[in-house]
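Undergrad: This is what each chain is made of:
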Amino acid sequence: MSEPSKPKTPAVPVVERKKKRAGLSPIWLVPVMAAAIGIWIAGMAWMEQGPTITISFNTAQGLEPGKTRIKHKDVEVGKLVDVVLKDDHSGVVVTAELQPRVANFLTTGTRFWVVRPRLSIKGVTGLSTLVSGAYIEIEPGFGVDTKHFAGLESPPVVRADVPGRKYVLQVAELGSLSVGSPIYFRGIQVGEVLGHELEALDKEIDVHIFVNAPYHHLVRENSRFWNRSGLNITLDANGMKVKMASMQALLVGGVAFETPADIEGAGPEVPDGTTFRLFRDRSGIDENLYTQSLPYVMFFNGSVRGLKPGAPVEFRGIKVGSVTDVKLEYDAGKNEFFVPVFIQIQPERINIGGQPAKVIENLITRGLRAQLRTGNLLTGQLFVDLDLHPDSRYEMHPDRQKNIKEIPTVLTSLDEITHSVTEFLEKVQSLPLDTLSDEVLKSVRGVNDIIYEPALKGSVITMKNTLNNLEKMVADLSSRMDPMTEDLHKTIQAARKTLDQTTQSLTSIENVVAPDSALHYDIQQAVRELTATSRSIRRLTDYLERNPDSLLFGKGKRQAQ
Amino acid sequence: MRPGYDRAKDIGLARCERCGLALSLSVHEQHDAACPRCGQSVHFRKPNSIARTWAWLIAATICYIPANLFPIMTVEKLGQGEPSTIVSGVQMLWAAGMYPIAILVFVASIMVPVLKLIVLTFLLISIQRRSQWRPKDRAILYRITEFFGRWSMIDIYMISILTALVSFGTVAQVTPGLGATFFAGVVVMTMIAAECFDARLIWDCLEENHE
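As given, the protein sequences belong to chains A and B, one line each in that order. For the first sequence, position 344 matches number 344 in this note's numbering, and the numbering has no gaps at all. For the second sequence, position 67 matches number 1067 in this note's numbering, and the numbering has no gaps at all.
No incorrect hints appear here.
If you want the footprint, here are the derived chain B segments under chain A, 3+ residues with CB under 8 Å:
| hint | segment |
| --- | --- |
| 1 | 1044-1052 |
| 2 | 1060-1074 |
| 3 | 1177-1190 |
Calculated from the model, a selection of chain B residues having no Cβ within reach of chain A, i.e. all distances over 10 Å:
| hint | residue |
| --- | --- |
| 4 | V1090 |
| 5 | Y1099 |
| 6 | I1101 |
| 7 | L1104 |
| 8 | F1106 |
| 9 | V1107 |
| 10 | A1108 |
| 11 | I1110 |
| 12 | V1114 |
| 13 | L1115 |
| 14 | I1118 |
| 15 | R1134 |
| 16 | I1144 |
Keep in mind the hints are simulated off the structure, nothing from the lab. Every residue, glycine too, gets a C-beta built ideally from N, C-alpha and C.
Generate the whole structure from the sequences, applying the supplied hints.
TA: Dropping the structure here:
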């Protein structure tokens, strides 16, 4: 550089000296702070790193790795990071990262399901996922810690955090029950059907239900559940019954239960998972309360049209059992058809002292017979009537049913009538009607001949003449009777006069002899005199008897001596 | 020994960096001198340049890691969307067929910061090792670095603008992520580092080696 510029450059006039500090410059705080922040952030990120879990589903519909969220009560608690097919291609396994605060959720009781838009009878759910996409809902449960879960294919009907209890109902046929079907107690909806499963072919269907708190207190040991499916029309020997529940029940079915609180009170409460029977309907409960049932078979000769399984078996009008089956069998050996009717008698319905089977056996020997009767004239439903017919003959068919005891049968009342009528007609038919009518005809002809005989005519005329003569004679007789009558009249008058006189005489006699008449008095006086006279005579005679000498010496003398 | 050039420092001249006043400064007074005209402290060279550059550079490098690991922004369309990091953003753009934008984002957001870090590190090491290797090219390299460095901020601008513009609730929403903060930190710190770097040092070691 050249010199001339130098004068223009001023010397530094002020020099503020600062002690230069040895050691590290404070600028190094910058990377230290950056590192500190970095470490802090990294630590935070590491802390936020939650557990990684796998969930298996049938399908990955709507699930996208990195996008699909895992939510609990609509709060995001994690997200999907990976979706892979299972090794056997039977489903998918999704890997998800959860936030650390839900790490304690991960137990065997925890449930996962995909929330998608769903349309059901009970309503539309998951509509929000139409725009936001499906998400996985996590529902915490209790159990042992785990990281591998099997996802539910459909949302659980009842959330785990809803207070209440689960029960199991056993039923042979599900009917219209489905997931979400309501449970009613006296018409109040108290719970829902969770689902059902059929474990084996020969087992009953397990229907899982949930009863919300506080209604689970109503479920007791003696509670009875029955199917309350919408419309119930029954047509049986008792007539037609139509029952209808609510519209919802009509569509999705329903279960109702009751807890009979009788004298002993309702039973104790039952724990979660208790199994109950689900009866077909309300009346089915009473049917099935009887645990004991004795099978019997009967063979009817007539038609059994109108007899269905379930028809009542009555003894003198009281139900004692029901028909279980009606069959038609063919005996090839005898070449005949027969209809075995299987019934079950529930001895608990009757107060039977002793062994029911024995009692029935006894009754059969005493004349217990089964008879088909019409229960409902309109529908023609039949029922089995048991009664004692001691005089009836019966036949047993031990060759037909070997292992079931038989109750002998008598003819149906209608059969009986038919039978009698037929018999009568047969007798009528066997009468020798032709010969009979010939005979009748013949006698009628004979009578005719007699009637039209000329001799008969002659005798009739003679009879007529005789009658005329008789008439004349009577007239003659009457004309002679008149003078005779006059005489009789006079005689009667005379007789009357005599009678009058007699009456007068009698009256005067009566007057003479009346108590107040003079004669009567005189007589009385006379009688008194007579009495006194006789008394004097007696005295005299007495004296004479004691003193016979007085006749000689006189009365006074003797006394003076 | 001087190979034909005089340095201002050699003839005791220093230039006030704020007002441009040329000052004659004794070599011993090279620190803590103040400009008589504007009061700015005057130095022959930027004080403590290498240490400060190193400090900022290291801080930037540290910040670069979370900047790439954390998502820089989340674009949500109708409730769907996931946070994307710089790399995944580039991948997305590329997959979507927007190649020019993908390249632009790749260059501005990945290449430039990385190159800046590498170049500054290289320059610092070369100065500390008193390397005499192609000083002119190294100076050009520094100038390019300094010039392009600020373009890395294009990402941050984009994110800030999008965040402000695209805010329609559930329909569409852009939210910046933690990565953006770190990325902004990286860009700013590399710019400061480049600012702290005194390119004259490249030549100084050339001179001093000759001495």
